[in-house]
Amino acid sequence: MSPQFVLTKLFRAILTLFLAVTFVFVVLRMSGDPVAQMLPDDVPAAVITQYREMWGLDRPLPEQYLRYVSGILSGNLGFSFRDDRPALDVVLERVPLTLELGLTALLLTLALGLGAGTLAALKRGSGTDHVTMAFTILGHSMPNFFLGILLILLFAMTWRVLPSSGTGSVKHLIMPAVTLGTSYAATVARFTRSSLLEVLHQPFMRTARAKGVPFRRRLMSHALPNAGIPIVTVIGLRIGALIGGAVVVESVFAWPGVGQLLVNAVAFRDLAVVQTVVLLIAFTMVAVNFLVDILYGWLDPRIGSARREVSA
Amino acid sequence: MSVITCPVTVGTDMPARPRRRRLPLVIGLCVAWLVLVLLLALGADLIAPYGYAEQSLLQRLKPPALLGGDPAFLLGTDGLGRDVLSRLIYAVRASILIAFCGTLIGSVIGTLLGFLAAHFRGWVEEAIMLLVDFQASMPFLIIALAILAFFGNSFELFLVVVGFYGWEVYARLTRGLVLQANAQGYAFAIRTLGVHPVRIYIRHVLPNILSVLVVQVTLNFPEIILLETSLSFLGLGVQPPQTSLGLMLGEGRNYIATAWWMAIPAGIAIFLTTLSVSLLGDWLRDRLDPTLQTARD
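Chains as they are written, first to last, in our numbering: chain C, 4 to 315; chain H, 10 to 306.
The set of hints was computed from the structure by calculation and includes no laboratory data. These numbers come from a predicted model, not from an experiment. Misleading hints may appear alongside valid ones.
Said to hold, decoys possible - Examples of chain H residues toward chain C, derived with CB under 10 Å:
1. S146
2. A158
3. I277
4. L288
Said to hold, decoys possible - Residues of chain H clear of chain C, computed beta-carbon distances all greater than 12 Å:
5. G37
6. I114
7. L121
8. R208
The beta-carbon is built from N, C-alpha and C at its ideal position, and this holds for glycine as well.
All chains, please: the whole structure from these sequences, using the hints.
What follows is the structure, encoded as structure tokens:
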């Protein structure tokens with residue numbers, strides 16, 4: 004992996020982050036005067052002017068933009084008017100719970116998706132294969148909030164074995180993690196199967212078999228690493244869907260993470276919190292994409308120079 | 010779901026499923042469901058037994074007719090005594106309408122930008138692809154939530170936001186396909202004849218790449234339904250007293266312990282619709298592009 008490759012990817016990551024900040028700034032300014040929105044209608048004009056000066060809204064736009072960017076760089080993301088605390092603190096204290104849910108769902112996804120996909124590819128055309136493929140199609144079409152409600156209806160209301168909402172124990176984690184991971188696992192299983200199938204028919208696999216390489220070794224050190232690129236791609240691409248899904252799933256199960264906070268903040272138009280969550284997610288996504296890019300270079304040393312693919 | 014059994018030839022590249030000329034049963038069922046959904050959406054006013062906001066507080070939370078409820082309310086009533094079946098029919102109409110408009114907006118904008126990128130190359134292409142990369146790197150649900158938070162919720166804005174979902178996929182796809190097409194003999198031949206580029210693109214290139222775009226529509230449509238229903242479920246999309254499938258589920262979840270029939274039919278409708286479009290898309294893709302068969306199957 005050349006340093007140039009890493010630097011190009013790093014530059015793109017920073018550019019994307021910069022775009023995200025600009026996007027939030029533009030939307031924020033386009034959406035109207037924050038002072039007028041925050042204060043009651045009968046406030047005298049002098050107070051409004053004072054607030055505008057205090058927040059620097061009377062300055063020219065480029066200056067406002069620079070102040071906005073430098074504010075973000077110094078960790079100043081505004082005040083949550085619902086909590087009366089810095090928005091960053093409000094958001095950061097929710098992060099551990101979302102990470103707990105997201106990482107559990109991710110682990111579940113990888114175990115289930117990679118396992119089922121590999122099994123289906125090795126036993127192509129068998130009952131296992133059909134069941135896996137049916138699962139991938141059903142899992143992909145199932146809205147996660149509907150799955151969550153069905154699980155609650157069965158496991159919390161009818162059989163009463165799992166709590167329907169809240170947090171605190173492993174039992175609380177099971178239903179949200181399954182709900183969040185299902186459609187993701189379906190996608191991973193599908194890609195694992197198809198890319199593994201492609202690799203299994205390559206001449207080098209036949210050669211390895213002819214040389215007498217044992218099955219397990221053929222699979223682990225020949226087939227899977229070569230099938231890895233599309234799988235890593237889809238895992239990286241779908242991280243965004245996982246984060247989006249977490250917003251919905253946290254609301255279904257009253258899981259007090261960042262997603263639930265975002266939904267509440269949107270409902271109450273607590274804009275400082277909304278922008279903090281958006282920027283935090285943008286940062287996470289950029290970091291994940293950067294790692295996936297670096298992982299490519301490691302999985303396949305041929306990917307050295309950062310050129311854009313012509314085909315989709 | 011029916012499982013198609015067939016002899017498997019081991020050790021060759023033969024596809025596991027034989028390619029059939031006839032419409033497979035599953036695909037037939039999908040088409041039938043989608044036709045039903047379309048009819049419900051188009052004829053909601055004629056078909057629905059009651060209005061979607063028609064309340065009758067004396068008839069609150071009645072179970073479905075088959076479970077001992079009132080035969081006048083086939084799927085029961087909700088917490089305000091509104092007929093679930095009628096609301097379901099209007100909800101199908103709202104969700105399908107939004108998904109249609111959304112797909113149309115996204116595909117037209119995306120395809121147009123893809124053409125622009127491929128035609129002008131240079132900085133136009135760079136700028137468009139930068140936006141594509143940015144869009145692809147942000148979860149769309151989050152962007153949608155942010156925009157709805159900043160601008161406040163209105164139906165028109167909601168429609169536009171949902172419409173922007175997936176534009177970047179169309180743009181990337183179109184750009185790649187147009188670049189390929191431009192390098193082919195037929196585009197070059199017409200260009201030498203002095204035909205205007207717009208005419209080349211609309212009359213010659215677009216028909217050649219349309220099949221891929223149609224397949225993308227079938228992938229995009231279920232996702233738009235899921236996006237709309239998710240947002241409405243969270244209470245940030247379609248607003249009461251209007252209804253949508255997601256909103257019905259969202260309202261029904263508070264009654265899930267006592268009146269599950271408020272939520273479950275809407276969930277099943279979403280599930281069957283997205284499933285049908287996905288399966289139809291898969292099948293269509295296999296038919297339109299035989300080269301994809303081995304790669305995917």
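The hints, checked one at a time:
no.: 1; hint: S146; result: holds (5 Å)
no.: 2; hint: A158; result: holds (4 Å)
no.: 3; hint: I277; result: holds (8 Å)
no.: 4; hint: L288; result: holds (7 Å)
no.: 5; hint: G37; result: holds (16 Å)
no.: 6; hint: I114; result: holds (19 Å)
no.: 7; hint: L121; result: holds (16 Å)
no.: 8; hint: R208; result: holds (25 Å)
Of the hints listed earlier, there is not a single one the structure fails to meet.
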